[in-house]
Amino acid sequence: MAKNTEAKKSDIVLSVKNVDKKFDDIPILKGVTFDIKRGSICCLVGMNGAGKTTLVKAIAGLVSPDSGSIDILGAKGGSRQARAVTSVVFDEPALYSDLTVMEHLSFAARLSGFMDYQERADQLLEEFAIQELGQRLPRGFSRGQRQKTALSMGLVRSFKLLVLDEPYAGLDASGKKALLAILGDAATSGAAVLIATHAPELLAIANQMVTISDGKVSYVGKPDIGRIDS
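Start counting at 1 in the sequence shown, then tack on 692, and there's your number in our numbering.
Everything labelled a hint here was simulated from the structure, so no lab data went into it. All residues carry an ideal CB built from backbone N, CA and C; glycine is no exception. Misleading hints may appear alongside valid ones.
With a straight-line Cα cutoff of 30 Å, these simulated DSS-like cross-link-like pairs (lysine-lysine) come out [stated by the list, open to error]:
1. Lys729 with Lys852
2. Lys749 with Lys709
3. Lys729 with Lys714
4. Lys914 with Lys768
5. Lys869 with Lys914
6. Lys908 with Lys714
7. Lys852 with Lys768
8. Lys852 with Lys714
9. Lys914 with Lys729
10. Lys749 with Lys729
11. Lys749 with Lys914
12. Lys768 with Lys908
13. Lys722 with Lys749
14. Lys749 with Lys714
15. Lys768 with Lys722
16. Lys768 with Lys729
17. Lys914 with Lys852
18. Lys914 with Lys868
19. Lys852 with Lys869
20. Lys722 with Lys852
21. Lys709 with Lys722
22. Lys729 with Lys709
23. Lys714 with Lys768
24. Lys768 with Lys749
25. Lys869 with Lys709
26. Lys709 with Lys768
27. Lys749 with Lys869
28. Lys908 with Lys722
29. Lys722 with Lys914
30. Lys852 with Lys908
31. Lys709 with Lys908
32. Lys749 with Lys908
33. Lys869 with Lys729
34. Lys914 with Lys709
35. Lys852 with Lys868
36. Lys709 with Lys852
37. Lys852 with Lys749
Here are the computed distance ranges between Cβ atoms for each label pair [unchecked claim]:
38. Thr880 with Ser759: 31 to 39 Å
39. Leu754 with Ser702: 24 to 32 Å
40. Arg730 with Ser910: 22 to 30 Å
Build the full structure now, drawing on both the sequences and the hints.
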């Protein structure tokens with residue numbers, strides 16, 4: 693029994709336990725608790741203002757919980773060890789006006805210590821159908837082009853945990869299809885994927901769903917489209 697318990701624990705990539713967070717004495721997260729295992733795709737759903745983005749920032753180490761814990765493969769969320777295995781893409785692409793798309797991918801890969809990135813970078817630009825943008829600066833890019841660039845930056849590096857905040861924002865049909873395939877491949881390779889989303893289509897590839905309502909977890913289980921706006 694002890695060996696089985698240890699095996700189950702070793703499968704957990706992200707563990708969120710009793711996380712509380714306030715801003716200006718206003719509770720935003722209230723006792724949030726859930727785990728995500730290797731090879732799982734989990735959709736984090738809830739209405740605007742439910743606390744999803746704050747939770748994503750806490751997992752990324754940009755916001756410190758007031759209480760509770762966030763562990764990534766046993767390392768404290770936000771620590772160097774946790775950041776080394778975690779890739780996060782936020783809902784508003786932050787691009788540099790003086791770097792080309794390929795330079796963005798190079799920067800993201802090298803920043804995480806992943807030097808053998810060129811083949812993966814070329815593959816991502818092809819999958820998102822933005823090869824022609826590789827040597828261009830992002831000035832004047834559409835929302836979709838910026839989103840594809842940001843997603844490629846998050847996906848070009850190696851990771852054990854991938855966290856995406858509203859990844860469908862601005863994507864066209866082909867971009868959405870490409871993203872679904874890429875996320876499926878990531879999970880098959882053993883990564884854990886957390887997607888904060890309002891898009892019901894993403895539930896089709898998920899095997900877990902966490903619903904947040906008013907800062908609290910109201911549901912953890914199999915994807916259920918009826919709970920997406922709970």
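Hint by hint, here is what the structure shows:
no.: 1; hint: Lys729 with Lys852; result: holds (10 Å)
no.: 2; hint: Lys749 with Lys709; result: holds (15 Å)
no.: 3; hint: Lys729 with Lys714; result: holds (28 Å)
no.: 4; hint: Lys914 with Lys768; result: holds (27 Å)
no.: 5; hint: Lys869 with Lys914; result: holds (22 Å)
no.: 6; hint: Lys908 with Lys714; result: holds (13 Å)
no.: 7; hint: Lys852 with Lys768; result: holds (14 Å)
no.: 8; hint: Lys852 with Lys714; result: holds (29 Å)
no.: 9; hint: Lys914 with Lys729; result: holds (14 Å)
no.: 10; hint: Lys749 with Lys729; result: holds (20 Å)
no.: 11; hint: Lys749 with Lys914; result: holds (24 Å)
no.: 12; hint: Lys768 with Lys908; result: holds (22 Å)
no.: 13; hint: Lys722 with Lys749; result: holds (15 Å)
no.: 14; hint: Lys749 with Lys714; result: holds (13 Å)
no.: 15; hint: Lys768 with Lys722; result: holds (19 Å)
no.: 16; hint: Lys768 with Lys729; result: holds (16 Å)
no.: 17; hint: Lys914 with Lys852; result: holds (22 Å)
no.: 18; hint: Lys914 with Lys868; result: holds (22 Å)
no.: 19; hint: Lys852 with Lys869; result: holds (22 Å)
no.: 20; hint: Lys722 with Lys852; result: holds (26 Å)
no.: 21; hint: Lys709 with Lys722; result: holds (11 Å)
no.: 22; hint: Lys729 with Lys709; result: holds (14 Å)
no.: 23; hint: Lys714 with Lys768; result: holds (20 Å)
no.: 24; hint: Lys768 with Lys749; result: holds (14 Å)
no.: 25; hint: Lys869 with Lys709; result: violated (33 Å)
no.: 26; hint: Lys709 with Lys768; result: holds (12 Å)
no.: 27; hint: Lys749 with Lys869; result: holds (26 Å)
no.: 28; hint: Lys908 with Lys722; result: holds (5 Å)
no.: 29; hint: Lys722 with Lys914; result: holds (22 Å)
no.: 30; hint: Lys852 with Lys908; result: holds (26 Å)
no.: 31; hint: Lys709 with Lys908; result: holds (12 Å)
no.: 32; hint: Lys749 with Lys908; result: holds (16 Å)
no.: 33; hint: Lys869 with Lys729; result: holds (24 Å)
no.: 34; hint: Lys914 with Lys709; result: holds (20 Å)
no.: 35; hint: Lys852 with Lys868; result: holds (22 Å)
no.: 36; hint: Lys709 with Lys852; result: holds (19 Å)
no.: 37; hint: Lys852 with Lys749; result: holds (17 Å)
no.: 38; hint: Thr880 with Ser759: 31 to 39 Å; result: holds (36 Å)
no.: 39; hint: Leu754 with Ser702: 24 to 32 Å; result: holds (27 Å)
no.: 40; hint: Arg730 with Ser910: 22 to 30 Å; result: holds (25 Å)
Of the numbered hints stated above, the single one contradicted by the structure is hint 25.
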